[in-house]
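S.K.: What follows is the residue order along each chain.
2 protein chains.
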Amino acid sequence: MVRIIEVKQSVFADNDAQADRLRTDLKAQKTFLLNLMSSPGSGKTTTLLRTVGSLKERLRIGVMEADIDSAVDAETMAKTGVRTIQLHTGGMCHLDAGMTEHGLKELQAQDLDLAILENVGNLVCPAEFDTGAVKNAMILSVPEGHDKPLKYPLIFTVCDALIINKIDVLPYFDFDMEKVKEYALMRNPKLKIFPISAKTGEGVDVWTQWLYEEVTEWNR
Amino acid sequence: MVRIIEVKQSVFADNDAQADRLRTDLKAQKTFLLNLMSSPGSGKTTTLLRTVGSLKERLRIGVMEADIDSAVDAETMAKTGVRTIQLHTGGMCHLDAGMTEHGLKELQAQDLDLAILENVGNLVCPAEFDTGAVKNAMILSVPEGHDKPLKYPLIFTVCDALIINKIDVLPYFDFDMEKVKEYALMRNPKLKIFPISAKTGEGVDVWTQWLYEEVTEWNR
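Respectively, the protein sequence lines represent chains A and B. Per my numbering, the first sequence starts with residue 9, numbered consecutively. Per my numbering, the second sequence starts with residue 9, numbered consecutively.
If you are wondering where the hints come from, they were derived from the structure by calculation, not from laboratory data. Incorrect hints may appear among the rest.
If chains are identical, the list can't say which one is meant, so a pair holds when it fits in one copy or spans any two.
To be verified - In silico DSS-like links for lysine-lysine, alpha-carbon gap of 27 Å or less:
hint: 1; residue 1: Lys187; residue 2: Lys38
hint: 2; residue 1: Lys187; residue 2: Lys87
hint: 3; residue 1: Lys189; residue 2: Lys207
hint: 4; residue 1: Lys64; residue 2: Lys187
hint: 5; residue 1: Lys207; residue 2: Lys38
hint: 6; residue 1: Lys189; residue 2: Lys143
hint: 7; residue 1: Lys87; residue 2: Lys200
hint: 8; residue 1: Lys187; residue 2: Lys113
hint: 9; residue 1: Lys207; residue 2: Lys187
hint: 10; residue 1: Lys87; residue 2: Lys198
hint: 11; residue 1: Lys113; residue 2: Lys198
hint: 12; residue 1: Lys35; residue 2: Lys64
Please work from the sequences and hints to get the whole structure.
M.R.: Put into structure tokens, the structure is as follows:
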């Protein structure tokens, strides 16, 4: 059974200041925090399973699964053997820095190289709150369509990495890979883009290599 | 060019009371309001285009497209010839009854049989706010997975109709149609379920017939 933590919105008015403090603490303790965001159903959990599978021999990893009120993903994740906790937001559509800090304590992140926060499935609210993460990544899946950077601009702006998942079903959708890259880079010219299939494993090594390098750079 | 309306969160503290008042007004003026919710990329706009195409000879229809800040969907919708406006929520992740009422006034909904609100793409926040709609419908698309009623319970509870879209790609996904029905009905035993492909048109007539009957019943 995965442990379930109820996290509550921070009493601190200034989320940005709290997020900066949290990042300073993470730097001091040599823990890298990745905040992973996406819509429901884009394949966050499957992508994380691949990511953890690829890196768990090289890094000490822990995962926080945030969810409105289920523990479906955390139970799947715990089977990989990495330290996993479930964060319940009690209906909240995002996590702030205070909730994340609470989660990291429960996860005992101080002895981890990489802590991953799987944020609530939502392209809107999570993008508005700095969690204190070192890097933000998002997943957009092929069936969602290549117009999403036009419709949900903020999340593309705040992310460092964009994983384009489910490329195995590209033949069955009107998804224009060049267009999505163009739109996403228009929002954020520095965005790293990783087309993958979490199902088949295609492209996953390029994504995990980038993440591994970011983690080792931060924890040096 | 589609008209763009900036809507702001209501000053009324009691959204439920305001939603009830709005429904009473809609009943008096014989206008049916449908609130359509889903994740980004589930095919809301394509489904609406099919719905409008099927019903526009029989009903006077107007559409309100809610979006964080683009007008992509509204411009597509306006080409069908039905009255369309764009609602901008200014970053808000949902619409409340006050914002909806403002939109209906701008749409001049009093001479419409059916007003459709395409809510912000999000499975969490829109479910928490009664917009004053007569019926709530949601779209879940096949690529999102059949476990969504377990992970986002509230939206399945508040909806009257569940459209399962993109059934044309069923062969390429591990999507269990019986399981999703079982999970969804567990949340809401009265839920009407409509498997469709907005792309090919399959199943759309069963959905629009249900909607047509609900509209004529309400406006009688």
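S.K.: Please sort lysine 189 with lysine 143 into within, between, both or neither, judging by C-alpha distance up to 27 Å.
M.R.: Intra 20 Å, inter 38 Å, cutoff 27 Å: intra-copy only.
S.K.: With 27 Å as the alpha-carbon cut-off, assign the pair lysine 187 and lysine 113 to within, between, both or neither.
M.R.: For lysine 187 and lysine 113, the Cα distance exceeds 27 Å both inside one copy (41 Å) and across copies (37 Å).
S.K.: How do lysine 87 and lysine 198 come out at 27 Å by Cα distance, when the copy is not named: within, between, both, or neither?
M.R.: Neither way: lysine 87 and lysine 198 sit 35 Å apart in one copy and 36 Å across, limit 27 Å.
S.K.: Using 27 Å as the alpha-carbon threshold, which applies to lysine 113 and lysine 198: within, between, both, or neither?
M.R.: Classified as neither; 32 Å inside a copy, 42 Å across copies.
S.K.: Is it within, between, both or neither when you check lysine 187 against lysine 87 at 27 Å Cα-Cα?
M.R.: between (38 Å within a copy, 23 Å between copies)
S.K.: Checking an output row: lysine 207 and lysine 187, CA cutoff 27 Å. Within, between, both or neither?
M.R.: So lysine 207 and lysine 187 pass the 27 Å test inside a copy (23 Å) and across (21 Å) alike.
S.K.: With identical chains, the pair lysine 64 and lysine 187 could be close in the same copy or across copies; at 27 Å between alpha carbons, which is it: within, between, both, or neither?
M.R.: Classified as neither; 34 Å inside a copy, 33 Å across copies.
S.K.: Using 27 Å as the alpha-carbon threshold, which applies to lysine 189 and lysine 207: within, between, both, or neither?
M.R.: The answer is both: 22 Å in one copy and 24 Å across copies each meet 27 Å.
S.K.: Checking lysine 187 and lysine 38: alpha-carbon separation at most 27 Å within a copy, between copies, both or neither?
M.R.: neither (38 Å within a copy, 43 Å between copies)
S.K.: Please work out whether the CA atoms of lysine 87 and lysine 200 approach to 27 Å or closer within one copy, between two copies, in both situations, or in neither?
M.R.: neither (30 Å within a copy, 36 Å between copies)
S.K.: Give the relationship of lysine 207 and lysine 38 under a CA distance limit of 27 Å: within one copy only, between copies only, both, or neither.
M.R.: neither (32 Å within a copy, 49 Å between copies)
S.K.: Is it within, between, both, or neither for lysine 35 and lysine 64, if the alpha carbons may be no more than 27 Å apart?
M.R.: within (21 Å within a copy, 59 Å between copies)
Consistency with the previously given hints fails for numbers 1, 4, 5, 7, 8, 10, 11, ordered from lowest to highest.
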